[in-house]
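Sequence lines, in order, name chains A and B.
Following our numbering, the numbering of the first sequence begins with 1 at its first residue and continues without gaps.
Following our numbering, the numbering of the second sequence begins with 1 at its first residue and continues without gaps.
Quick caveat, the hints were computed from the structure, so don't treat them as lab data.
There's no promise every hint is true.
Repeated chains share a single entry, so a pair holds when one copy, or any two copies, can fit it.
[Stated by the list, open to error] Cut-off 20 Å, straight-line C-alpha distance, at most; resulting in silico cross-link-like pairs (DMTMM-like, lysine to aspartate or glutamate):
1. LYS112 / GLU23
2. LYS72 / GLU120
3. LYS64 / GLU7
4. LYS112 / ASP22
5. LYS64 / ASP39
6. LYS112 / ASP132
7. LYS116 / ASP22
8. LYS72 / ASP39
9. LYS136 / GLU120
10. LYS64 / ASP106
11. LYS44 / GLU90
12. LYS152 / ASP5
13. LYS64 / ASP22
14. LYS64 / GLU120
15. LYS152 / GLU76
16. LYS152 / GLU90
17. LYS112 / ASP39
18. LYS112 / GLU41
19. LYS72 / ASP133
Only a predicted model underlies this, so the values are computations on that prediction, with no experimental measurement involved.
Protein chains: 2
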Amino acid sequence: MYWEDIELGLRSDLGSYTFTEDEMIRFSRMWDPQPFHIDPEAAKSSFYGGIIASGWHVAAVWMKLMIAHGRKRAAEGIVSRGGVSPGFREMRWHQPTRPGMTLHYDSTTHEKVELKSRPEMGLIRSFNRGLDDAGKPVMSFIGQGFVQRRPK
Amino acid sequence: MYWEDIELGLRSDLGSYTFTEDEMIRFSRMWDPQPFHIDPEAAKSSFYGGIIASGWHVAAVWMKLMIAHGRKRAAEGIVSRGGVSPGFREMRWHQPTRPGMTLHYDSTTHEKVELKSRPEMGLIRSFNRGLDDAGKPVMSFIGQGFVQRRPK
Chain A
1 MYWEDIELGL
11 RSDLGSYTFT
21 EDEMIRFSRM
31 WDPQPFHIDP
41 EAAKSSFYGG
51 IIASGWHVAA
61 VWMKLMIAHG
71 RKRAAEGIVS
81 RGGVSPGFRE
91 MRWHQPTRPG
101 MTLHYDSTTH
111 EKVELKSRPE
121 MGLIRSFNRG
131 LDDAGKPVMS
141 FIGQGFVQRR
151 PK
Chain B
1 MYWEDIELGL
11 RSDLGSYTFT
21 EDEMIRFSRM
31 WDPQPFHIDP
41 EAAKSSFYGG
51 IIASGWHVAA
61 VWMKLMIAHG
71 RKRAAEGIVS
81 RGGVSPGFRE
91 MRWHQPTRPG
101 MTLHYDSTTH
111 EKVELKSRPE
121 MGLIRSFNRG
131 LDDAGKPVMS
141 FIGQGFVQRR
151 PK
């Protein structure tokens, strides 16, 4: 799969992930130790009324599922020639992720960019989401990844 | 510290963090298992020529240091009435983070936003960076946080 082969508007279902209170607390103790992420008692009297996942945890799960999806595709013979990202845009946490919630992640290609600075690569922008069981967004962001161009 | 008390242009030094290959591999095995993040041998023949930290790891360290900074300020009696974020913008990874590199993180307030939708809160936007020893950017993004307004 070179940059040329990537189809705009293609939605990839990345699968689902259930957030346990245990994992939420473990992640946040290390990276985001705010009371409403790590302390069930203190979280009760917080803005959120209970433990919620760190937004960085919700985002990291997207990355994890994206890599697993790429592996699955590679096993089917569809190898992406990408992996390198210059960063991303517009990370939004639309609603809190609470213990026991299952998020459904997807990624839709929406821009293909040719680069003067890197003629051997193209940039792909994708719109990425984590949805709750009702299909309402919990997290979204615009991802970016370089993909090799087909050699001429 | 209510929203009204926050000064624009104030730079907070969040401290430094040294990335070990061990921790880089441990983080990425869980959240971003790409060969150039987890496999020293495979990384050698990758685009990067060696193991680099996941960009999500570089960002998570910012969060960790930001919380530690808030705790230190709280111990000095300066309690921020914030912590809730709707998301962030323009995450950029400017250069790879390699084993043994030390990044120096900071955060500078640059926008105060009044909200019709949440009159009891204001939004603070900050420009956040992780710099290498030479002061060149490794990571940057625009953070956003709600802060309570002073009761009238």
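query = Taking 20 Å as the upper bound on the Cα-Cα distance, should LYS112 and GLU41 be classified as within, between, both, or neither?
reply = neither (47 Å within a copy, 32 Å between copies)
task = Indicate which option fits the pair LYS116, ASP22 if close means a Cα-Cα distance not exceeding 20 Å: within, between, both or neither.
result = neither (47 Å within a copy, 37 Å between copies)
key: Homo-oligomer pair classification [GLU23, LYS112; C-alpha up to 20 Å]   = This pair counts as neither: shortest intra-copy Cα distance 36 Å, inter-copy 34 Å.
ask   = Between the shortest in-copy and the shortest cross-copy C-alpha distance, which are at most 20 Å for LYS64 and GLU7: within, between, both, or neither?
value = neither (23 Å within a copy, 38 Å between copies)
ask   = Can you tell me if LYS72 and ASP133 fall within 20 Å by alpha carbon in one copy, between copies, both or neither?
value = neither (24 Å within a copy, 39 Å between copies)
query = With identical chains treated as interchangeable, where does the CA-CA distance between LYS152 and GLU90 reach 20 Å or less: within a copy, between copies, both, or neither?
reply = neither (35 Å within a copy, 33 Å between copies)
request  = Could you place LYS72 and GLU120 in one of the four classes (within, between, both, neither) given a Cα distance threshold of 20 Å?
outcome  = The answer is neither: 26 Å in one copy and 47 Å across copies each exceed 20 Å.
task = Since the copies are identical, ignore which copy is meant and state whether LYS64 and ASP22 lie within 20 Å (CA to CA) inside a copy, between copies, both or neither.
result = Cα proximity of LYS64 and ASP22: in one copy and across copies (18 Å, 19 Å).
task = Measure nothing new, just compare the shortest in-copy and cross-copy C-alpha distances for LYS136 and GLU120 to 20 Å and report within, between, both or neither.
result = neither (38 Å within a copy, 26 Å between copies)
ask   = For the identical chains here, do LYS152 and ASP5 meet the 20 Å Cα criterion within one copy, between copies, both, or neither?
value = Result: close within a single copy only, 14 Å intra versus 59 Å inter.
ask   = Between LYS44 and GLU90, at a C-alpha cutoff of 20 Å, which is it: within one copy, between copies, both, or neither?
value = Neither, since 29 Å and 32 Å both go past 20 Å.
inquiry  = Within, between, both or neither: how does the pair LYS112, ASP39 come out at a Cα-Cα threshold of 20 Å?
reply    = Neither, since 43 Å and 30 Å both go past 20 Å.
Violation of the numbered hints given earlier is confined to hints 1, 2, 3, 4, 6, 7, 9, 11, 14, 15, 16, 17, 18 and 19; the remaining hints are satisfied by the structure.
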